[in-house]
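> Letter by letter, the chains look like this.
There are 2 protein chains.
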Amino acid sequence: MSTVDTELARLSVNQMTVRRLGLPELTDACARSGVPGVGLWREPVRSYGVEATAKLVRDAGLTVTTLCRGGFLTAAEAGPRAAALADNRRAIEEAAALGTQVLVLVSGGLPPGSQDLPAARERVADALAELGPYAREHGVRLAVEPLHPMYASDRCVVSTLTQALDLAERFPADQVGVVVDTYHVWWDDRAPRQIARAGAAGRLHAFQLADWTTPLPEGALNGRGQLGDGAIDLRAWRRHVDAAGYTGPIEVELFNEKLWARDGREVLAETVERFRTHVVG
Amino acid sequence: MSTVDTELARLSVNQMTVRRLGLPELTDACARSGVPGVGLWREPVRSYGVEATAKLVRDAGLTVTTLCRGGFLTAAEAGPRAAALADNRRAIEEAAALGTQVLVLVSGGLPPGSQDLPAARERVADALAELGPYAREHGVRLAVEPLHPMYASDRCVVSTLTQALDLAERFPADQVGVVVDTYHVWWDDRAPRQIARAGAAGRLHAFQLADWTTPLPEGALNGRGQLGDGAIDLRAWRRHVDAAGYTGPIEVELFNEKLWARDGREVLAETVERFRTHVVG
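As you go down the protein sequences, you meet chains P and R in turn. full-length UniProt numbering numbers the first residue of the first sequence as 1 and each following residue consecutively. full-length UniProt numbering numbers the first residue of the second sequence as 1 and each following residue consecutively.
Since the hints were derived computationally from the structure, they do not count as laboratory data. Nothing false has been slipped in among the hints.
Per label pair, the in silico range of CB-to-CB distance:
{"id": "1", "chain 1": "P", "residue 1": "Gly61", "chain 2": "R", "residue 2": "Arg170", "range": "51 to 57 angstroms"}
{"id": "2", "chain 1": "R", "residue 1": "Pro215", "chain 2": "P", "residue 2": "Asp229", "range": "20 to 26 angstroms"}
{"id": "3", "chain 1": "P", "residue 1": "Asn222", "chain 2": "R", "residue 2": "Asp174", "range": "42 to 48 angstroms"}
For every residue, glycine included, the Cβ atom is placed at its ideal position computed from N, Cα and C.
Whenever a hint applies, use it, and build me the whole structure from the sequences.
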């Protein structure tokens with residue numbers, strides 16, 4: 001169904017960007033727009049059915065570029081920790097069923113009352129040691145996503161690409177790698193060199209785009225800017241991952257209340273246009 | 001007027017923490033509470049009068065630990081750039097008149113439409129080269145404050161202590177150093193080593209405290225947590241600066257709408273108590 005358009009050959013649209021579109025609408029809209037890839041989230045996929053989603057995507061001729069998300073691996077107590085590991089095994093199985101090789105991991109924040117970031121990061125490493133072999137058995141790679149430092153306490157204790165790679169490199173590259181998302185790393189003058197490090201090690205498992213706009217909304221979660229609306233030189237970051245040898249999908253993942261208030265197909269069309277203008281070339 | 005209390009000997013309260021208190025109320029409350037230091041802001045000081053403020057503080061037996069703030073040095077065009085430099089020279093003069101050796105610099109964000117962080121950082125360096133000798137003539141040290149990366153686009157292109165020191169070290173230590181504020185650096189696993197680097201170089205010019213609490217408010221500016229309310233191990237950071245040889249004031253600077261809604265003297269008393277519980281010892 002999809003048209004041939006070399007500019008869009010690597011474009012993937014994460015379903016959170018157009019979250020008002022249900023899965024059938026999303027896959028239909030992507031196919032009609034020439035968008036060859038979609039990034040999916042576990043909750044809507046499970047609501048629709050994992051197998052049914054896989055068929056939908058396949059029938060539309062689309063590729064699932066990532067499944068978001070596993071992780072939240074920082075619980076200190078045995079019960080919550082076991083529950084998190086079990087949930088991540090299910091996420092690995094779902095990724096395999098959807099035909100994507102990349103499970104994005106958001107590591108998790110500090111447990112309630114804790115102020116110990118290094119210990120929380122170490123528990124992430126322990127969990128990766130348990131999950132890595134299971135992922136490999138399923139043909140899935142765990143992609144540790146460093147999140148912006150503003151999420152360090154409540155969402156992700158892995159705040160920089162350097163930390164994510166330090167974690168990943170304790171494990172084989174076909175088990176654990178990293179995600180580079182411009183929204184999270186754009187401020188970091190060390191990130192370009194870390195992208196090269198990730199590429200050289202075969203650990204650059206996904207590349208995501210969002211722009212940085214201010215003011216941040218309350219909670220700082222849903223203010224990711226449409227491509228071209230903000231402070232990030234997206235093309236420069238695309239060139240960094242190009243230079244690192246990355247040839248995979250480029251996924252647009254925008255959490256943005258204002259975009260979500262608009263018609264999903266209109267946002268998709270805008271995203272495609274912005275991708276042509278601000279990322280390609 | 002102030003009581004002798006060794007636990008509080010290094011405590012300074014930045015006036016923004018209790019911004020509802022006018023300067024006479026602030027200095028009176030600090031003296032009565034055994035708080036020996038105050039950090040001041042240019043705007044209220046200029047409203048009250050620089051010389052009048054200096055006399056007020058002196059008469060209360062207090063020390064001005066920092067003047068906040070100079071900076072905003074990233075303008076690319078000649079006119080705004082000259083205006084910023086002139087304003088910073090005035091800030092240096094005001095710091096000298098107030099008897100503080102430390103002028104805190106918030107470097108400034110990206111100019112409108114720009115996406116070039118490295119160039120903006122370089123313009124900060126250019127400005128430091130112009131301002132450093134003028135500061136030294138006045139017995140004032142410029143203290144570059146790295147701000148949390150969430151402010152990189154609109155407030156401060158210097159996001160890490162590493163960057164701040166890389167900037168500072170281009171100049172003599174009696175001209176340019178850094179501020180360590182827990183709110184801005186707590187997430188950064190490289191910061192402890194950078195604190196040691198700053199101390200060894202004689203560039204650790206100020207140490208400020210605020211706790212990290214979530215959710216962040218809209219704009220992410222005025223949600224700095226009261227000591228002990230958040231995710232930061234404040235005592236651990238105090239020990240890092242201790243180990244770096246820092247023996248200067250420890251200044252509590254809280255931008256917090258909820259604290260500002262309360263009685264300033266009550267907030268001051270609470271801050272003193274939190275300092276004893278979470279910082280001292």
